[in-house]
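Engineer: The primary structure of each chain is shown beneath.
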Amino acid sequence: MKTEIKLIGNLYNQVLQDLARPHPFAAERVGFVFGRMGTLTDRGIVILLNRYHSIPDNQYIEDSTVGARIDSEAITWAMQAVYHGRPTREGLFHVHVHGHKGETGMSAVDSREISKIILGLQSVGRAAVHGIIIFSLDHGSSWVWLPACKEPRRIDCISVIGSPVWVFEREGN
Amino acid sequence: MLSTDRYSRQSFLGKDSEELIARCTVGVVGLGGGGSHIVQQLAHIGFQRYVLYDADFVENSNLNRLVGARDIDVLAETSKLHIAKMMIYGLQPKAFVNGFATRWQENPEPLRECHIVFGCVDGYKERHELEITCRRYLMHYIDIGMDVHGKEKPVIGGQIVLSSPGGLCMKCMGFLTEEKLAEEAALYGNAGPRPQVVWPNGVLASTAVGLAVDIVTDWTGTRRPYAYLVYDGNKATVKESATLWNINISACLHFPDSEVGDPVLIEL
Chain W
12 MKTEIKLIGN LYNQVLQDLA RPHPFAAERV GFVFGRMGTL TDRGIVILLN
62 RYHSIPDNQY IEDSTVGARI DSEAITWAMQ AVYHGRPTRE GLFHVHVHGH
112 KGETGMSAVD SREISKIILG LQSVGRAAVH GIIIFSLDHG SSWVWLPACK
162 EPRRIDCISV IGSPVWVFER EGN
Chain U
317 MLSTDRYSRQ SFLGKDSEEL IARCTVGVVG LGGGGSHIVQ QLAHIGFQRY
367 VLYDADFVEN SNLNRLVGAR DIDVLAETSK LHIAKMMIYG LQPKAFVNGF
417 ATRWQENPEP LRECHIVFGC VDGYKERHEL EITCRRYLMH YIDIGMDVHG
467 KEKPVIGGQI VLSSPGGLCM KCMGFLTEEK LAEEAALYGN AGPRPQVVWP
517 NGVLASTAVG LAVDIVTDWT GTRRPYAYLV YDGNKATVKE SATLWNINIS
567 ACLHFPDSEV GDPVLIEL
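Protein chains in written order, with the working numbering: chain W, 12 to 184; chain U, 317 to 584.
In short, the hints are calculated from the structure, not lab data. Treat each hint with caution, since some may be false.
If the Cβ cut is set under 8 Å, some of the chain U residues that face chain W in the computed set are [to be verified]:
#	residue
1	431
2	532
3	576
4	577
Here are the simulated distance ranges between beta carbons [as the list claims (entries may be wrong)]:
#	chain 1	residue 1	chain 2	residue 2	range
5	U	498	W	32	43 to 51 Å
6	W	32	U	569	25 to 33 Å
7	U	498	W	33	52 to 60 Å
8	U	538	W	29	21 to 29 Å
9	U	371	W	159	33 to 41 Å
10	W	76	U	494	56 to 64 Å
11	W	32	U	335	24 to 32 Å
12	W	111	U	490	45 to 53 Å
30 Å max Cα-Cα, derived DSS-like pairs, lysine-lysine [unchecked claim]:
#	chain 1	residue 1	chain 2	residue 2
13	W	13	U	401
14	U	496	U	441
15	U	410	U	331
16	U	469	U	551
17	U	487	U	555
18	W	161	W	127
19	U	555	U	467
20	W	13	W	112
21	W	112	U	331
22	U	487	U	551
23	W	112	U	410
24	U	410	W	13
No residue lacks a Cβ here, since even glycine has one placed at the ideal position from N, Cα and C.
Sequences and hints are given; from them, build the entire structure.
Structural biologist: Written out as structure tokens, the structure reads:
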């Protein structure tokens, strides 16, 4: 069963440009991208990302043990957005950048923290797919929680439909 | 890097171009006069992943333009899909070809995995349906088509249209109109066979493939969000459509960014 993500080039550039901005105190920025599901053959799924939400500077919390920590207001906003997106089964994807080239993976902090956020998003948007997307400087990886699933599924491929057409494939695929 | 000198003559496309091309999944809907040219060129260039659709078999009247078809294919009732596959495998033995001898609407899911779709179909309605699918599942759509007008003094015309998600669509560009769709609907089943010849199809297909290679590799740096080129077969010219000259919109009016993925029935 193939699972992939697509987004257009303008959205990809918007995300990378926003996340590259220095924050007054956080070591990195995070954001949210909205996405909807499409079906592929053999019960495969394509997630189509369609817009980005930049987290305001004042919704970050100072915490030197992590690259970025967002406050309850940012999380509340995310949960409300998912709640309002229920009629169209719109899901939310936490996004950030690892500043190296090549395929990237979840850090220990990513693994620990993202599952808490996903639990919250699933509680208000059960029929949608949610997840985490991590871009590197020239690649991208993602893990998604399909509706009613407690464990994440690693995305096989992220495609950027712009010019050039970037296809970030999971190694070993 | 996939090879050494096979693509040395197209190295100007960029150092990563071979990999970008090899990773891109291309769809070709319609493998007749236009589609057969496109498939041949894509295989030469190095594309490795294909999704193909055509429900037809080779007929005698196809041999004036169907690239790869031979006289014996008429007797053998070879499918156009088979001709396209043989063309691809002959040039790219390791290519992955997902081919369907059906209408694409009967099995649309495989098409959704594409990054670029070439529409080489006959009617406006089918073009419109393909564009809708490409917008919903985020794929570049490149449409080609030709026609011959008039009997006393025949005029060969054609178009190449690029419709990318986030850019202007075929209606915004003035190619697809409600009048054309209505006129076609009124002629349903009575349009008759349209004149088709090999060289205009070659011009249209080559221009379309050129747009695709530019999109995939960005070798020109143009990054065009849309294109509508008009072919005049009598003058042997390809020019930007006059409908784009006075266009004063920057965003598509017909396909909102949020309208992606499987349609969802919303209860009121």
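Engineer: The structure should be examined with respect to each hint, and the outcome stated for every one.
Structural biologist: Verification of the supplied hints:
| no. | hint | in the structure |
| --- | --- | --- |
| 1 | 431 | holds, 5 Å |
| 2 | 532 | holds, 5 Å |
| 3 | 576 | holds, 4 Å |
| 4 | 577 | holds, 3 Å |
| 5 | U:498 x W:32: 43 to 51 Å | holds, 50 Å |
| 6 | W:32 x U:569: 25 to 33 Å | holds, 32 Å |
| 7 | U:498 x W:33: 52 to 60 Å | holds, 55 Å |
| 8 | U:538 x W:29: 21 to 29 Å | holds, 25 Å |
| 9 | U:371 x W:159: 33 to 41 Å | holds, 38 Å |
| 10 | W:76 x U:494: 56 to 64 Å | holds, 60 Å |
| 11 | W:32 x U:335: 24 to 32 Å | holds, 30 Å |
| 12 | W:111 x U:490: 45 to 53 Å | holds, 46 Å |
| 13 | W:13 x U:401 | holds, 24 Å |
| 14 | U:496 x U:441 | holds, 9 Å |
| 15 | U:410 x U:331 | holds, 22 Å |
| 16 | U:469 x U:551 | holds, 13 Å |
| 17 | U:487 x U:555 | holds, 19 Å |
| 18 | W:161 x W:127 | holds, 11 Å |
| 19 | U:555 x U:467 | holds, 24 Å |
| 20 | W:13 x W:112 | holds, 25 Å |
| 21 | W:112 x U:331 | holds, 17 Å |
| 22 | U:487 x U:551 | holds, 26 Å |
| 23 | W:112 x U:410 | holds, 29 Å |
| 24 | U:410 x W:13 | holds, 21 Å |
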